[in-house]
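Taken in sequence, the protein lines are chains A and B. Using the UniProt record's numbering, you'd call the opening residue of the first sequence number 1 and step up by one each time. Using the UniProt record's numbering, you'd call the opening residue of the second sequence number 1 and step up by one each time.
Please keep in mind that the hints were generated in silico from the structure rather than gathered at the bench. Nothing here was measured: the structure is a model prediction, and the numbers come from that model. Positions of the beta carbon are idealized from the N, C-alpha and C atoms, including for glycine. There's no promise every hint is true.
As the list claims (entries may be wrong) - Once the Cα atoms are required to be at most 25 Å apart in a straight line, the calculated DSS-like pairs of lysine-lysine come out as:
1) A:Lys300 <-> B:Lys37
2) A:Lys300 <-> B:Lys28
3) B:Lys278 <-> B:Lys258
4) B:Lys258 <-> B:Lys28
5) B:Lys278 <-> A:Lys41
As the list claims (entries may be wrong) - Stretch-level coverage of chain A by chain B, calculated; a stretch enters the list once three of its residues show a Cβ under 8 Å from a Cβ in chain B:
6) 28-37
7) 52-65
8) 78-92
9) 217-228
10) 242-249
11) 300-313
Chain by chain, the residues run as shown.
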Amino acid sequence: MKISYREALRQALREALSTDPRVFLMGEDVGRYGGSYAVSKGLLDEFGPERIRDTPLSELGFVGAGVGAALGGMRPIVEVMTVNFSLLALDPIVNTAAALRHMSGGKFSVPLVVRMATGAGRQLAAQHSHSLENWYAHIPGIRVLAPATVADARGMLVQALADPDPVVMFEHAQLYNLEDELPDDWQCDITHAAVRRPGTQLTLISYGGSLPKAMQAASELASEGIDAEVIDLRVLRPLDSDTLTASVCKTHRAVIVDEGWKTCSLAAEIMARLMENCFYELDAPVARVCSEEVPIPYAKHLEDAALPQVAKIIAAVRGMLNV
Amino acid sequence: MTAPPESGQPLSLQLLADMLRIRRMEEKCAELYGAGKIRGFLHLYIGEEACAAGALRALAPEDNIVATYREHAHALLRGVPLRAIMAEMYGKAAGCCRGRGGSMHLFDAARRFYGGNAIVGGGLPLAVGLALADKLQGIARVTACFFGEGAMAEGAFHEAINLAALWRLPVLFCCENNLYAMGTALARSESQTDLCAKAASYRVAAVEVDGMDVRAVHEATRQATQQVRAGAGPFFLEYATYRFRAHSMFDPDLYRDKAEIEQWKQRGPIHSFTAQLKAAGELTEEAFLALDASAEAEVADAVAYAEAAEMEPIADLLKDVYTSQETS
Ligand SMILES: Cc1ncc(C[n+]2csc(CCOP(=O)(O)OP(=O)(O)O)c2C)c(N)n1
Chain A
1 MKISYREALR QALREALSTD PRVFLMGEDV GRYGGSYAVS KGLLDEFGPE RIRDTPLSEL
61 GFVGAGVGAA LGGMRPIVEV MTVNFSLLAL DPIVNTAAAL RHMSGGKFSV PLVVRMATGA
121 GRQLAAQHSH SLENWYAHIP GIRVLAPATV ADARGMLVQA LADPDPVVMF EHAQLYNLED
181 ELPDDWQCDI THAAVRRPGT QLTLISYGGS LPKAMQAASE LASEGIDAEV IDLRVLRPLD
241 SDTLTASVCK THRAVIVDEG WKTCSLAAEI MARLMENCFY ELDAPVARVC SEEVPIPYAK
301 HLEDAALPQV AKIIAAVRGM LNV
Chain B
1 MTAPPESGQP LSLQLLADML RIRRMEEKCA ELYGAGKIRG FLHLYIGEEA CAAGALRALA
61 PEDNIVATYR EHAHALLRGV PLRAIMAEMY GKAAGCCRGR GGSMHLFDAA RRFYGGNAIV
121 GGGLPLAVGL ALADKLQGIA RVTACFFGEG AMAEGAFHEA INLAALWRLP VLFCCENNLY
181 AMGTALARSE SQTDLCAKAA SYRVAAVEVD GMDVRAVHEA TRQATQQVRA GAGPFFLEYA
241 TYRFRAHSMF DPDLYRDKAE IEQWKQRGPI HSFTAQLKAA GELTEEAFLA LDASAEAEVA
301 DAVAYAEAAE MEPIADLLKD VYTSQETS
């Protein structure tokens, strides 16, 4: 049966809340409103207000409280409406959650899961549309996940909760309505990138909301006789270099698709790693398709022009193959 | 296009006209959203008209205004042409932000209208900074900052009001308390629901006023502004109001009691004020219809303008990222 990405997340939350009494969900409007992206709809009725906990508009306060609750033996899942608003909570995430284990000489771990929406494509303008995953991927001490498929949406939370360290999970707002078959083996690991489409001529490296675009580009390229491999990073920190290197050693070419801005992006980091790890295997300079260096605009035609699109990915591939 | 009502009219009629202009604009926005002409998030002000109308007529043209994402009314009454507002919502080049901002990010430098901020609480420290700049430069200006009661839970509120009080800055904190922050009722988010007491704890003068009564809003704001202008430091006003529509167009509004909404609608700011004026013999039905027709005509003109306006060329996508045209 097909289910939505949103439903997969809800199933994962429901399972976590049912199986572990230490788990609770908190965030702005997760309860009575049903979640700003309707992910937690119905959970308040099932689990009650102690465990589906509406918070005031106090990102620093409630994310910080999540860190404390994790230290105190709970398994909090904190939802922040979007990555834009999470900047108000950077301090507890970066300065406390991520650093505590190291600073305490291994005495304290912070088993916290922070979930948030990210990304553009809904004409919500700059303050609701940015892709700042790479900011989090910069921070040692946290694991950063980006489920791009229904199966990963279902599977990643289990692993995130089992992780003794803080996990930040990014859900691209454009994916919530994505529907797909939930495979029986939806369990996933949160240490490896996934090969979503095997191919021989070049590697498309992507994640999150850009993955469907990369997949579509690959299938359009296939109809022109170009065989692209598509890799879904899934784990943005720590990055799984081995899967990337293995793929590029096979295909000898890589195009990175990342909705973040080019400058100081994840795409930049991946390029650097490919240079370090397989420079002599490359038949062409690594290319990337990122967002234009502009705060994401409201008007649809401008927003579309600012974001990575299938046509831009195909053009980058053609440019690389000289076809 | 129809001109906004002239200041030659009695204040009561100006206030009514202002509220009608807001209401007609917002109703049209809802319709245009349904038709797919306006996209993104759209937060309507229907029900809260008395707040912006009463407050903005109490402020001077040189004052600074800071608002949230529910700011169409503040922009309009500040004098941002409705054509420019509507074109912005259409995402056109003629919009007040050239299609970059949309509904939530209206700005107008010439009118000292500083947004248009979609980060809840984000405008509060900004207002403090504007007031500080004025004070440092010896400019006798008031900065009025509009925000919802939900924003009072953010650290930004506490830090901003503390600074404003500490430095005796000319900030007018205008809290539009519509009782809900998205789906969260005030009592579910604040340990102290007496908002004036919270403000007062920072030693800031704080007054609650009926936000459904445009004259009360106007009078309270006028007095507060006078004090702030005279150098008394910041002032906190709570307008007790209600939004008749959902939080945004994406909100199914399942968290509010229908009876509660109906009760507040009974106190609707436009029809209650209209009735008052008629009873006092200050307004005839014909005069009311004329004001309403003028508001409708202004809206129709703006829509026609926005429809016909050009789109920003994609070649200009990277414009205005930096002041000079360099990009990285
Ligand atoms: C920092 C931040 N957190 C969360 C949001 C999402 N959000 C947008 S409006 C809103 C409700 C704000 O309520 P209130 O301040 O009372 O203003 P109102 O909408 O009632 O006018 C929320 C939670 C946001 N925009 N910014």
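Against chain B, does the segment 28-37 of chain A show at least 3 residues with beta-carbon separation below 8 Å?
Contact hint for the segment 28-37 of chain A vs chain B: holds, 6 residues under 8 Å.
Quiz prompt | Verdict on chain B covering the segment 217-228 of chain A, where coverage means 3 or more residues with a C-beta closer than 8 Å | solution = violated (count 0)
Claimed coverage, the segment 242-249 of chain A by chain B - three or more beta carbons nearer than 8 Å:
violated (count 0)
(message) For a C-alpha distance cap of 25 Å, please report whether lysine 258 (chain B) and lysine 28 (chain B) respect it.
(response) The hint holds at about 23 Å.
Hey, lysine 278 (chain B) versus lysine 258 (chain B), does the alpha-carbon distance stay inside 25 Å? This hinted pair is violated, its Cα atoms lying about 30 Å apart.
Using C-beta distances, would you say chain B covers the segment 300-313 of chain A, given that this needs three or more residues below 8 Å? holds (count 5)
Just to be careful, I want the Cα atoms of lysine 300 (chain A) and lysine 37 (chain B) compared with a cutoff of 25 Å; is the pair within it? Holds: lysine 300 (chain A) and lysine 37 (chain B) sit about 11 Å apart, inside 25 Å.
Are the Cα atoms of lysine 278 (chain B) and lysine 41 (chain A) separated by 25 Å or less?
-> 47 Å, violated
| For the segment 78-92 of chain A, do three or more residues have a beta carbon lying closer than 8 Å to a beta carbon of chain B? | It holds: at least three residues are needed, and the segment 78-92 of chain A offers 3 whose Cβ sits within less than 8 Å of chain B.
Notebook entry, point to check: Straight-line Cα separation of lysine 300 (chain A) and lysine 28 (chain B) no greater than 25 Å?
Noted result: 20 Å, holds
Examine the segment 52-65 of chain A: at least three residues should have C-beta closer than 8 Å to a C-beta of chain B. holds (count 8)
Hint compliance for this structure: hints 3, 5, 9, 10 are not met, and every other hint is.
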